[in-house]
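Each chain is listed here by its residues.
2 protein chains.
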Amino acid sequence: MSDKKYNIAVVGATGMVGREFLGILAQRKFPVGELRLLATSRSAGRKIVVGDREITVEETTNDSFAGADFVFVSASGQASREYCPIAAQAGAIAIDDSSAWRMDPKVPLVVPEVNADDLEKHQGIISIPNCSTTPVVMCLWPIHKVNPVKRVIADTYQSVSGTGKAAVDELVTQSKLVLEGKDAAPHVYPHQIAFNLLPHIDVFMDSGYTKEEWKMIHETRKIMHDETIAMSATCVRVPVMISHSCAVHVELTHPMDPDEARDILAESPGVTVQDDPSISLYPLPWLAAGEDDVFVGRIRQDASHPNSLAMWISSDNLRKGAALNAIQIAEELVKRSLV
Amino acid sequence: MSDKKYNIAVVGATGMVGREFLGILAQRKFPVGELRLLATSRSAGRKIVVGDREITVEETTNDSFAGADFVFVSASGQASREYCPIAAQAGAIAIDDSSAWRMDPKVPLVVPEVNADDLEKHQGIISIPNCSTTPVVMCLWPIHKVNPVKRVIADTYQSVSGTGKAAVDELVTQSKLVLEGKDAAPHVYPHQIAFNLLPHIDVFMDSGYTKEEWKMIHETRKIMHDETIAMSATCVRVPVMISHSCAVHVELTHPMDPDEARDILAESPGVTVQDDPSISLYPLPWLAAGEDDVFVGRIRQDASHPNSLAMWISSDNLRKGAALNAIQIAEELVKRSLV
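These protein sequence lines are chains A and B, in that order. Per my numbering, residue 1 is the first one in the first sequence, and the count goes up by one each step. Per my numbering, residue 1 is the first one in the second sequence, and the count goes up by one each step.
FYI, nobody ran anything at the bench for these hints, they're computed from the structure. Check before you lean on any hint, since a few could be wrong.
You can't tell identical chains apart in this list, so a pair holds if it fits in one copy or across any two.
Straight-line C-alpha distance at most 30 Å; calculated DSBU-like pairs for lysine-lysine [stated by the list, open to error]:
| hint | residue 1 | residue 2 |
| --- | --- | --- |
| 1 | Lys211 | Lys150 |
| 2 | Lys4 | Lys106 |
| 3 | Lys182 | Lys335 |
| 4 | Lys165 | Lys182 |
| 5 | Lys165 | Lys176 |
| 6 | Lys106 | Lys5 |
All chains should be built: construct the whole structure from the sequences, respecting the hints.
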């Protein structure tokens, strides 16, 4: 890489993913030139320290993207729909964290370890997958390459940080109230989340699936370039702060020994196998939080089908599920001279 | 029913399930004659108020069962192995909550709404299923009768009360510590359970499955009298006090409209359908706690197979998952003059 630096604008800089994005930029020593922090008018004027710079948050407007090389968008779907085309028009590459553009045929939907080549055809907007799709695809893809995936059942256990800071605050507040024997009224979610489970993430569709479940199914197919994969998911919010987990049952074309799957996943970039029942070693969301890798364990022959494997995955939804994946896309674009 | 009263001994009377058992006995006005509360020597001497009687807990011995009609055992596997045959020998019917006798061909494993007829062949010991098996079977059986189940994937979200009172206390203590920003050392479980998930219930087997997962698979087949059902499960402990939940994906012999499944389940005894996404109505463990019924919702055509349905189940693991099911068995035995 040359000494070139890249101007970056972050839409949603004060949100949980935005803050994580800024931390990871510094950690990975991404060559940042000008850094512009953008948010709604409500957050404009706040000052955020990034490395040795103190930066004042500005309100996002149509003129926010002049001179930017990368615009990272993690705000509302509305903000993504509005600002991504404007950023691309201004000559930047918009890397978007929302579902707004993911299924657009002109927009690459990328997990760099899986389908980095899709970046070659970008037209100014690139989407990152849903935070529950990415870890599953990270574990399916290396297996799919040697033994194609036919069918997937994925049941999730998703942390409240996937909803944002208000939801984390709500889990904290409600947990304290319940522990004091008091009622815990819901605000962010339709029901109490403390010491409870909500089988309801994003809106319901006519099929009875939620949009979150639909996203997992269709994003997996798009990223893996295989529309024939049969898939179902139940997405559940759990009283965990950070990290999404998932029980996966995957039917392959041929049988695969769990040891072979472990070996394949152990050699896959961005994946760490934690799988030794004899010492109670398996992925835990509490320990995955703050880590870059996707953790996978409980790998075993699925008892329901001779060609199937079962596994358990945990990963930090704010990092590989969002901010880290976005920065890896920017790094890949730089490496491929696509920016 | 006549005015006959039945003498009952409860082994494990001071445990969470034992206490629930005593409450439900009173609630259902079970015709209780003599009531003997048994536990280990550590709890002997404690006094428990049951209805208008105050009863002193006695240490369980080989002589504890003289004159008993029913002996309910919910203590350790060791206690079940030891005392159930002694109780049966003494002329009582032992209704056992442990896994010790469930797969014994001579022992009926019964959910009264499903296979009450199996009680006819009892030889003094009757098992109740694992607390995560019962709710799943309650929802599969009515469908199986009209459209046989071929394959089941069940991923659980199990509350800490399934482990016992020490685990509930640990979740409370650890939650408080985490909320105060302190470390929460694990004692009951191998890892912290507060704001975390443990994909580990009961011991690991050589297959990579846990004993809990194995139990769900084999108990389901035994209760439903169908060894051909292909099944897999991932059992996960979640930071919830009471009620187990489960995401179920069931493949049938023929396609079934979700509306038909809803109608069938709505008419099934002991099952309540909670399924209206438009008002965020679906089963919640927080609300299932303290209720007798198994709650099912999120019923939809499973997107991974034309013959499959997906659903979400919550139910009180201490009640239908344990104490209530045991009392229903006793009621059924009385009704059938089998005692």
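Results of checking the hints against the structure:
{"no.": "1", "hint": "Lys211 x Lys150", "result": "both (22 Å within a copy, 28 Å between copies)"}
{"no.": "2", "hint": "Lys4 x Lys106", "result": "within (28 Å within a copy, 77 Å between copies)"}
{"no.": "3", "hint": "Lys182 x Lys335", "result": "neither (55 Å within a copy, 43 Å between copies)"}
{"no.": "4", "hint": "Lys165 x Lys182", "result": "both (23 Å within a copy, 21 Å between copies)"}
{"no.": "5", "hint": "Lys165 x Lys176", "result": "both (17 Å within a copy, 20 Å between copies)"}
{"no.": "6", "hint": "Lys106 x Lys5", "result": "within (27 Å within a copy, 75 Å between copies)"}
The structure does not agree with numbered hint 3 stated previously, though it agrees with all others.
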